[in-house]
Amino acid sequence: MPEVKILRKWVHDPEQHRMEVALSRGYYQAARQALTEMKPDEIINLVRDSGVRGRGGAGASCGMKWGFMPKEPTPQRPNYLICNCDESEPGTFSNRELVEYDPHQLIEAIVISAYALRVRTALIYCRGEFLFGYERLNEAVQEARERGFVGEKIFGTDFSLDIIVHRGAGAYICGEETALMDSLEGKRGHPRAKPPFPANVGLYGMPTTINNVETLCNIPHLINHGLEWFWSMGTAGAPPEEPQARANWIKSLGTRKSTGTKILSVSGHVKRPGNYEVVMGTSLRELIYDVCGGICGDHDLKAVIPGGSSMPMIPKPIAMDVQMAFETLQAAGTALGSGGVIVFDDQTDIPQVCLAIARFYKNESCGKCVPCRIGTDWIYKLIQRIVTGQGRMEDIELIRDVCINLGGERMMDSRSYCPLGDAAAWPIIWGGLKYFQHEFEHYIRYRRSPVGAEPALVGAH
Amino acid sequence: MTTAEPPVTLTIDGQEVAVAAGMTIWDAARRVGIDIPVLCHDPAMEPVGVCRVCAVEVEGSRVLAAACHRQVEAGMVVRTNTERCQRARRMVVELLLADHPRPCAKHQLDRSCELERLAEALGVDQPRFPMRNAERATQNGADGGPETEDGTPAHAPILAPPSSALRLAHSPFDLSSPVIAVDHRACILCDRCIRACDWLQVNEVIGRTGKGRRARIAFDDDRPMGQSTCVSCGECVAHCPTGALTDKPLVVALQPERLQRVDTICPYCGVGCAVTFHVQEGKVARVTGRDGPANHARLCVKGRYGYDYSSHPQRLTVPLIRRPEYYPKGPLSEEVRHEGDYRRHKPGAPVTDYGPILKAFRETTWDEALDLCAARFLEIKRQYGPEALAGFGSAKCTNEDNYVFQKLIRAVFGTNNVDHCSRLCHASSVAALMECLGSGSVSNPVADVARADVCLVLGSNTTENHPVAATFIKQAARRGTTLVVMDPRRPALANHAHHYVRFKPGTDVALLNALMHVILREDLHDPVFIEARTENFAALRETVARYTPEMAEKITGVPASTIEEIARLYGRAHNAIIFWGMGISQHTTGTDNARCLIALCLLTGNIGRPGTGLHPLRGQNNVQGASDMGLLPIVYSGYQSVADPNVREKFARAWGVPLNPKRGLTVVEITSAALRGDIRGMLMMGENPFLSDPNINKVRKALASLEFLAVQDIFLTETAEFADVILPASSHAEKTGTYTNTDRYVQLAKRAVAPPGEARQDWQALVDLAGRMGYRMEYRDEAEIFAEMAALTPGYAGLSYPRLAREPIPWPCPAPDHPGTQVLFAHDFPRGKGRFSPAEFAPAQELPDEEYPFVLNTGRVLQHWHTGTMTRRARALEEIAPQPFVEICPADAEALGIGDGDPVRVRSRRGEVTVPARVTRQIAKGSVFIPFHYREAAANLLTIDALDPTAKIPEFKYCAVRLERLN
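Chains S and Z, in that order, give the protein sequences.
Per numbering that gives the first Met the number 0, the very first residue in the first sequence carries number 0; after that it's consecutive.
Per numbering that gives the first Met the number 0, the very first residue in the second sequence carries number 0; after that it's consecutive.
Simulated from the structure, these hints should not be mistaken for laboratory data.
Do not take every clue at face value.
To be verified - Chain Z is faced by these chain S residues, among others (derived, beta-carbon under 10 Å): (1) Pro316; (2) Tyr360; (3) Thr375; (4) Asp376; (5) Lys380; (6) Val401; (7) Leu405; (8) Arg414.
As the list claims (entries may be wrong) - Quick list of in silico lysine to aspartate or glutamate cross-link-like pairs, EDC-like style, CA-CA up to 16 Å: (9) S:Lys193 - Z:Glu72; (10) S:Lys186 - Z:Glu203; (11) S:Lys186 - Z:Asp220.
Said to hold, decoys possible - Over 12 Å on every C-beta distance to chain S, these chain Z residues come out as not near it, computed from the model: (12) Gln107; (13) Pro323; (14) Ala449; (15) Gly556; (16) Pro852; (17) Pro881; (18) Asn966.
Glycine included, each C-beta is placed from N, C-alpha and C at the ideal position.
Model the full assembly from the supplied sequences, consistent with the hints where possible.
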């Protein structure tokens, strides 16, 4: 089985959230080792060389991000670390499990990361709806404080850290890192323009690193098991022996390869949906048919969204052969994103899927910039027009134009203020319309769904 | 943006351009003549980059950049007009147009909607997003759910709003503000109004609500604009690019092709905002801000929406003479005859019922009226001597009017009994400044606060009385200047302050002495400055030695630790500036209060540099100028003493008559003299002592006892009811002339409209009167008056109409090639060394006791100005603030059983008024506050006419009253 248990090793133990249980399983050993035996820069180098990339969606090299942080913060200009636990992407539910059932893994990771980044105050921005996870995190921080793992002079070193858990108020946009910071500052959660980047001007204008829960959770394991172990999982293969080649190989990891594991949240028409941790590069076919037991009702596969609802879906022919890794999915015209795998069987009405996606983004657009505020609304309206039988052929071109003005003429050519616009446009233009335009045309031509026998005009959900 | 950094070279559309680091691509492009279209960007504000219209290609960057926001980098290659940019721009415009009413109110008015203009320029004519009927119904709705429309046609012009279009649920209109119309359909969410409100005016009322397509601008927590904390400054309207926020027409429906623009100066407070009057059909129909030194194009509600008084139907248009049967003279209207009661005035009714007043007068010709004036004044002069005559000029009239006025009083009446209302506001400040520094004016302009580390504001309700000046203070506080507000009554400015200090009324001297005590004790004073530039330091040291913070705590109620903290703040500041208002000056200890402030400033050497100094905020548009013009009983123009034989000789030669060397009487002294029968004839130009002077019951008797009173004004004021002759004057809008603002800037205002009926320019009437009294004055126009004045007034010597037509200049400006002086006292003081004048704490004249247990404070409200003659006839202002009130703190209100809005009788030893209660925490326990604008319940019926011994300013800010609940 390609499923591995590293980050998710203990999530099924209902007692794992308790400090004694966590300690009995060797938790906080990595933190002790890091704080007492390693220099901050050693940890930063370790993370950089591991090639671990952001698990939250953008897939940026974590080590590179850390490298931008000032090495000598002052009390007037402190560094901040924020753990982004505002997991709101439709189809994604892996962070939630980690914080609800194994919060100490994250706390330990934050202690190590904060030490490496010379941070005295770290914050966890927890999604508003994760009340249970929020309470678990607070309990865990409290336990850690009581044990001296958080607070003054941790493990007898000069390093002190406080962790603040903040609960959001339920806006998707606050998962975007700059909006998240505005929200933390007590403002309306609106994204900020970049540059300047958070490592330069972040929370309260101070240098700030923002990492996803899963990204950070890798760090204690990295300390415990080392680079070779981490490299052994993923698409990078074995490192070359020759020093120069080896250095180049390491350098390429964070951007061109994928190392480690990824927790995939599988939903949709599979027999056993849920969270699965797999080694980077596991094929989608294995995931669906071996790990998740295949398609419900033994229908045929139609399409898969591999990385949360903001990533383009890929049709069966592409999906069956693709590996779940950053670079391979990118080559397939989509992305690993947040690892939310949504599987559609052949009975799925793709225009209705697109409508559901479009509705989500038009509701969650913060409204700050024009292309997104009005564009997302028109994408929704135009698709709605089509699936309610009032579409016209030129509407398809119009949807495309709006999408281009939002997400660009190709992926990563954003026109909106923040990536939410991309997220709204990509699944439509590079997924639904790219592979299933005929279904939209079917709606327009026959005023009914291309699948099933139900009459059209059943309306949106 | 610092100029110290080397310039950055980049390429824009093939042109190389070198600009300062930190500049944006948009600014850099403009340098080489490339205009990148923008909608959300406004150069007056920081960019936000939300509209994405200014998208440009930056080589090597994967995404289009917002030119208004992205800063230039060395070697950057920018293309502004590629097909990719154009396509993005067109799509943004197309999307915005989908909801935009066409034409929107702004475009309908003068084709100035920036969105619609851009659409025309980009050739986006037919948007591809026509709303079909089904969708239109849901466009404001939630999540596609059903939603009702308010039935307003999509293209209804908002200038003539549908009659029922108050605020319906989900209506795109918000017409709840008396002055601003909101049409959310036209809004493109550019955030300009939000930034104007937050960053320029710092009122922080407008924000956003809703997500995505349902995002809207909102006022406070999404209230109708008229019910929010909006102060109606209209800055949002001034910056709105579309018809989303528009001025409601107050006078006539605007017809742009008939509008004429006239540049002038705001007629209200002393800030001196530059404005443009838009004139239509001979009336001022709209006012917009102009970029002047004092306002940077900002305005407040009075300046922007208080213009319609000048075309009010109650304007005086013909001279009036009192009918014989209305002698002996006395008050004519109900309100002036009786004690004050706000219930006498019905909301919506004209502020003054002219009926009973006009009955007492007959219309006449200018000839008859002026002949009568001349004859009566000459007769009184012959019979009782020139000292039996007196004149009140006006801080609202131009420098030219006031120069001619004091010349008339001195050269023709033959007396120095000339004064004006500055006696009632800053006489004590001026007296202290003259005594300690040798000059009575402000040392630094208001905008200098931006360069100060610490700003002290005492006794000033700046946001209401000098709203535009307050914007500079609030902005500075936002950007890092430590703002300390000290006032017994908590002003709104305290919301922006780092420290608000509430002290007991009338204990300013003790508080300020204690600050100096701590500064000396902790060696925070500036011995080098004290040694080099001051005198009498030992006396100060001796006096303040007794004022320990602990002792001051007992007197002022301010904790000693707070006093120490503020003293350290001020003492350690590199640059510190002090602003003060009537809370300092209008006391019997007013001069002492100001002396202490000056000492505080000298002690720390905080004067003579940008970002430091002393700024008594002047109250009226030309109160500085009126004083400069010699509208004071002891000095000619330019503060040249009437007692100085050389000066007198100079003026006598210029005016061709011998001049009276005897110092004249001040405002309140003249009133008392009239009661005694020493003053028998008066000329009153634009002054209304009946409401503005303390102890009105005494003023009433004094005015009635005058043998002859001529009033020259634009409306029938309360004072005019006691007149023998009333002369119709011209309003500010009808005048050309100069005004000198609180910063000492002399600014030229131009005539916008013709005076109504037979109304005349003030100075022309005065010249005519002088002629009939046997003295010839000849001026072709205002410029000639100015030239004569400038030749006699050293500080104005370098100024002339041609110069002032180009730009406002701050005096002193001794020569035509002198640039004017923004910061005074850089090297020395006019009196040589600065003088420490130590002062001892003395209690107020009338302390509360068992019978009268409350301390009454008086002042103004944002919407009204002085005696309300103008503002209460400005429709919008009267609608927002229609009635007086008495502020009571919740604890006192509860103890007396008074609820918010209940009528309360306020009684002092001198009179009583009935006003509704306003229960608020702004006011301290044991104190009450009443604004003095309202004729139906004049606060000055209660105030005490006790005077400061030096400056003769009355104690408006402190007297004892009691409150009675009415059923």
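Notebook entry, point to check: Was the hint right that arginine 414 of chain S lines chain Z, CB cutoff 10 Å?
Noted result: 6 Å, holds
Checklist line | Cβ separation check - glutamine 107 of chain Z to all of chain S, threshold 12 Å | finding: Non-interface label stands for glutamine 107 of chain Z: nearest chain S Cβ at 23 Å, farther than 12 Å.
Notebook entry, point to check: When you look at the beta carbon of asparagine 966 of chain Z, is every beta carbon of chain S farther off than 12 Å?
Noted result: Since the minimum Cβ distance to chain S is about 47 Å, asparagine 966 of chain Z lies beyond 12 Å and the statement holds.
Margin query: Is the claim that alanine 449 of chain Z lies outside the interface with chain S correct, judged by CB distances over 12 Å?
Written below: Consistent with the label, alanine 449 of chain Z stays out of reach of chain S, its closest Cβ about 20 Å off (over 12 Å).
Margin query: The output says proline 881 of chain Z does not contact chain S. Does that hold with a beta carbon cutoff of 12 Å?
Written below: At roughly 35 Å from the nearest Cβ of chain S, proline 881 of chain Z sits farther out than 12 Å, so the non-interface label holds.
Notebook entry, point to check: Would the stated hint for leucine 405 of chain S survive a check requiring a Cβ distance to chain Z of less than 10 Å?
Noted result: 9 Å, holds
Notebook entry, point to check: If you take the shortest Cβ to Cβ gap from proline 316 of chain S to chain Z, is it below 10 Å?
Noted result: 29 Å, violated
Checklist line | threonine 375 of chain S as an interface hint toward chain Z, with CB separation required under 10 Å | finding: Status holds, d = 6 Å.
Margin query: Checking hints one by one. Is lysine 380 of chain S an interface residue toward chain Z, by the C-beta closer than 10 Å rule?
Written below: 6 Å, holds
Check: Taking the closest Cβ pair, is valine 401 of chain S under 10 Å from chain Z?
Finding: 7 Å, holds
Margin query: Checking a non-interface call: every C-beta of chain S should be farther than 12 Å from the C-beta of proline 852 of chain Z. Is that right?
Written below: Proline 852 of chain Z clear of chain S: closest Cβ-Cβ about 43 Å, beyond 12 Å.
Check: lysine 186 of chain S and glutamate 203 of chain Z: Cα distance at most 16 Å?
Finding: 13 Å, holds
Violated hint for the displayed structure: number 1, the only one.
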